[in-house]
Amino acid sequence: MSELIKFDGFKDMAALLELLPERKKRMKEASAEPQTGDAMAALARALHPDIQRLVITDVREEAAGARVFRLVPDKESGASSLAVFRAGQYLSLKLDISGVRVARPYSISSSPADADDGGFYEITIRKKDGGFLSEHAWKEWREGTKIEASGPAGFFCVEPLRDARHIVGLAGGSGITPFRSMIKDIAETGADVKFTLLYGVNRPEEIMFKSDLEAFAAQAPDRISVHFVCCEPDAAWCGPTGFLTADSIRKLAGDPAGKSFFICGPQAMYSFLETELKQFDLPKKRMRREVFGETADVASHPEYPPDAAGKAFSMTVHCGSETTVIPAKANESALVALERAGIAPPSECRSGECGFCASILLKGKVFVIPETDRRRLAAKKFGVFHPCSSYPVTDIEVKVPLDKS
Amino acid sequence: MAEGKKAKLGGACDVVIIGAGNGGLAAALALAVRGAKPLVLEQHNAPGGFATSFVRGRFEFEAALHELSSIGPENNKGGVRRFLEDEGGVDIDWVPIPEAYRVILTDSGMDARLPFGEAPFIDAIEEKVPGSREPLTRYFALCREVSGALGLLAKTAANPSPKRIMKDLKKFVAESADPFDDARRNASNVVTFLRTLPKTVDDVTLKMGIPPKAVDLLYPYWCYLGIPMSRMNFTIWAAMLIDYIDYGAWIPRLRSQEMSYAIEARVRELGGRVEYNTRVERVLVERGRVKGVVTASGETIKTSAVIANTSPAQLYGSLVNPASEAPAAALRNVNSRKLGGAGFVVYLGLDASPVELGVNDYGYFISKTMDTDAVYGSMEKLDLVDMQATICLNNAIPDCSPPGTTIISMTTLYKPGVWDSVKPKEYAALKNRIADAMITQFDDALGTDIRSWVEEIEVATPATFARYARSFNGGIYGYELDPWDSIIPRILSEKEESYIKGLEVAGGFATMGHGFSSSLISGRSAGLKTLAGLGG
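Residue numbers (the working numbering), protein chains in the order written: chain D, 12 to 416; chain H, 134 to 669.
Worth flagging that the hints you see were computed from the coordinates, not collected in a lab.
Okay, derived cross-link-like pairs now, DSS-like style, lysine-lysine, Cα gap no bigger than 30 Å in a straight line:
hint, chain 1, residue 1, chain 2, residue 2
1, H, K435, D, K415
2, H, K471, H, K662
3, H, K332, D, K39
4, D, K36, H, K628
5, D, K374, D, K391
6, H, K564, D, K270
7, H, K634, D, K36
8, D, K86, D, K157
9, H, K346, H, K261
10, D, K35, H, K471
11, H, K558, D, K205
12, H, K564, D, K295
13, D, K35, H, K332
14, H, K332, H, K548
15, D, K392, H, K170
16, D, K35, H, K548
Assemble the whole structure, with the sequences as input and the hints as a guide.
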């Protein structure tokens with residue numbers, strides 16, 4: 012076909028055969044040492060360890076019935092350093108509580124620099140937040156208690172390539188914890204960003220980290236400003252009062268245009284602020300909220316199938332080569348039912364976001380809260396669901412992943 | 134702990150597949166449709182390896198796939214589509230990529246859109262570089278001959294041995310007619326094929342009289358193989374070029390994750406099992422035969438056949454146990470070969486439409502120059518690389534993101550080792566610095582301002598690929614395809630380089646080279662070989 016090519020059988024065959032001796036020669040001359048190192052796997056492990064073994068070295072009382080637990084690497088288990096994190100990230104703490112393996116996410120309230128060189132993480136837990144793990148922590152955790160945690164996770168972080176140069180943090184209640192980390196980080200690193208914190212509380216005594224936050228602002232007054240906004244002020248209160256509203260936000264943080272808003276607080280605050288911030292007509296990218304924790308009352312969701320409410324179901328669970336039938340309640344996530352039964356698939360965010368607990372729904376139906384449905388399109392198509400944000404509304408049959416450990 | 138270890142996975146099975154990447158899934162599918170019951174063990178929590186996606190805010194990003202070759206339309210299916218659909222019974226919603234690529238060379242100011250199909254492709258180059266048509270037409274004919282002969286060899290190579298293949302070729306030449314397939318051409322295919330086999334792409338291409346500027350327009354796909362044209366074997370290049378230009382390129386509608394979930398679901402439906410969060414730590418070998426695998430949680434699964442969707446470096450360097458069972462020849466083999474590139478990807482969710490942004494093409498190859506040696510050289514530094522391969526998903530799937538938004542992902546490559554010295558503490562700032570420079574690189578080349586519209590950003594580095602896919606050293610490619618380590622020498626050496634009975638490699642490090650399509654095809658063939666070994 013190609014006139015350029017004239018066939019010379021022997022020569023062409025020889026050309027083919029020449030490649031093989033070259034290959035053999037190269038292999039013969041190569042070293043027989045196994046390649047055991049993998050620097051990228053090592054870097055990935057350092058950044059995202061499956062598990063961090065930590066020990067509590069200090070417990071500090073904070074306002075509003077909160078305790079700050081300082082966690083350091085557990086040297087006895089061979090740990091010597093902490094994974095670096097970005098301010099705003101959380102740890103998923105993993106515990107066995109009376110035989111039940113549970114995992115709950117907690118924002119890190121200390122700064123990234125605090126974790127350097129085998130330093131510490133701090134997490135802050137309020138007693139009144141209730142919950143299985145909070146209560147346990149409050150009762151059992153003291154100096155010397157060993158804790159297992161995931162690597163740092165989550166996306167509630169300031170991102171210079173995405174966010175405005177001026178960040179407005181809207182905090183409510185214990186939603187202050189990631190902001191404490193962000194603000195401390197900005198104070199320490201001299202990051203080229205302005206941060207205005209508006210921290211809403213019900214009563215003055217509920218302000219957590221008050222003196223810390225004021226100190227960070229004093230350290231970098233041109234970049235950090237902190238405002239406490241109180242609903243039910245006492246006689247001594249001289250700051251702004253009321254809820255965080257569009258008006259108060261505008262008054263304290265200035266013109267909302269060209270600023271990024273970060274929101275972390277209780278669910279009621281999200282819904283309220285969502286309406287308020289609509290007045291600012293901000294693009295979606297200028298509003299970021301931490302999605303946290305399981306929904307308290309799923310049946311109140313407008314799209315929840317009403318006849319399922321309050322019912323009890325059975326859940327047939329395939330895990331590895333084992334099959335178990337366990338009870339499940341309509342108002343509890345499938346993950347809670349699994350954990351209660353001692354089947355603990357991996358989980359981190361408990362908000363439908365991270366996908367660690369991803370399982371397959373083989374039969375039956377679950378209700379997935381649309382707002383927290385962060386599944387991939389293909390996952391939906393092929394019956395994959397996230398037990399942490401899915402609630403059985405019929406008897407169901409599922410295949411759940413094994414725990415890594 | 135130890136006494137409580139139950140056999141969570143069942144203790145024994147016929148075939149264990151390590152890794153649910155493209156190669157592992159394809160192997161599982163090939164086995165399962167033939168009645169075997171493979172057990173696939175995957176360390177991550179979803180199938181796919183690189184064939185995956187992830188969600189940030191209101192965007193779902195494709196993690197790795199730019200475009201699949203060998204798919205083709207319903208009425209002219211390519212090999213990969215035939216395997217998945219006709220043989221495997223896997224249903225995927227394939228979407229065609231609208232054009233081959235847009236190439237922008239910033240040093241010379243060259244900017245061209247090239248369509249699929251040989252004639253339109255050559256027309257478009259002729260328009261930019263007059264005088265290209267004649268030599269390019271000859272060049273495509275040559276590439277087509279090589280590609281055809283390679284296709285023929287793929288058929289004869291079911292049980293490859295140098296002797297067998299040489300015999301086939303000799304017979305083929307002697308008879309001067311294609312005894313295998315009417316569609317194939319005459320013996321000159323084989324002549325051309327043999328003549329170009331030891332050559333590099335430059336060796337052949339630069340002698341065809343194609344104007345240099347036209348060569349620049351012809352070469353961009355080089356980065357899909359990631360080795361400069363002065364070293365890349367011509368055979369594989371010709372096959373790739375013809376495949377893309379003839380069949381076009383395709384992607385699954387719901388990202389490559391649709392393909393991996395679809396294969397996984399089909400494997401389960403056929404009685405195979407796929408387990409996640411299950412890392413294999415050891416492949417047990419006794420006197421040169423596979424005996425089983427041990428998982429990270431300490432469970433032993435007995436088996437006589439393992440398909441490893443990993444690199445041979447990981448396989449012989451740390452998985453094979455005891456280490457004394459890793460033959461010196463296997464280790465020399467691994468050490469003689471050159472690891473391909475490691476990936477770096479910037480994923481952007483933008484809150485403006487492609488039209489508003491002025492990003493109207495699907496695939497962009499943006500490069501300082503098409504001097505592939507120079508660009509390859511820039512991959513050696515921990516800095517902005519001279520080239521990025523960028524896709525705008527909306528220009529193939531307009532509703533892949535909400536109305537008024539756009540998904541763009543920019544990919545570049547680093548040579549293995551470049552990221553080795555990065556400390557965890559400096560990691561976040563480093564990846565942002567490079568991502569920042571790549572956004573500028575894109576905006577400068579197109580005269581756009583995508584930077585101002587970033588609603589979501591994520592950056593994947595070699596460490597990210599190592600984390601999610603356990604790819605060796607964060608590589609996204611297998612071994613470099615120099616002539617001596619290109620497909621034909623690999624096929625010819627398969628028997629000799631098979632070191633442990635019952636052990637096959639699938640994926641980007643296998644015979645067919647890297648890339649989604651190649652990994653799927655080599656996974657299939659690993660499945661078939663394993664089946665033959667089982668006496669199936």
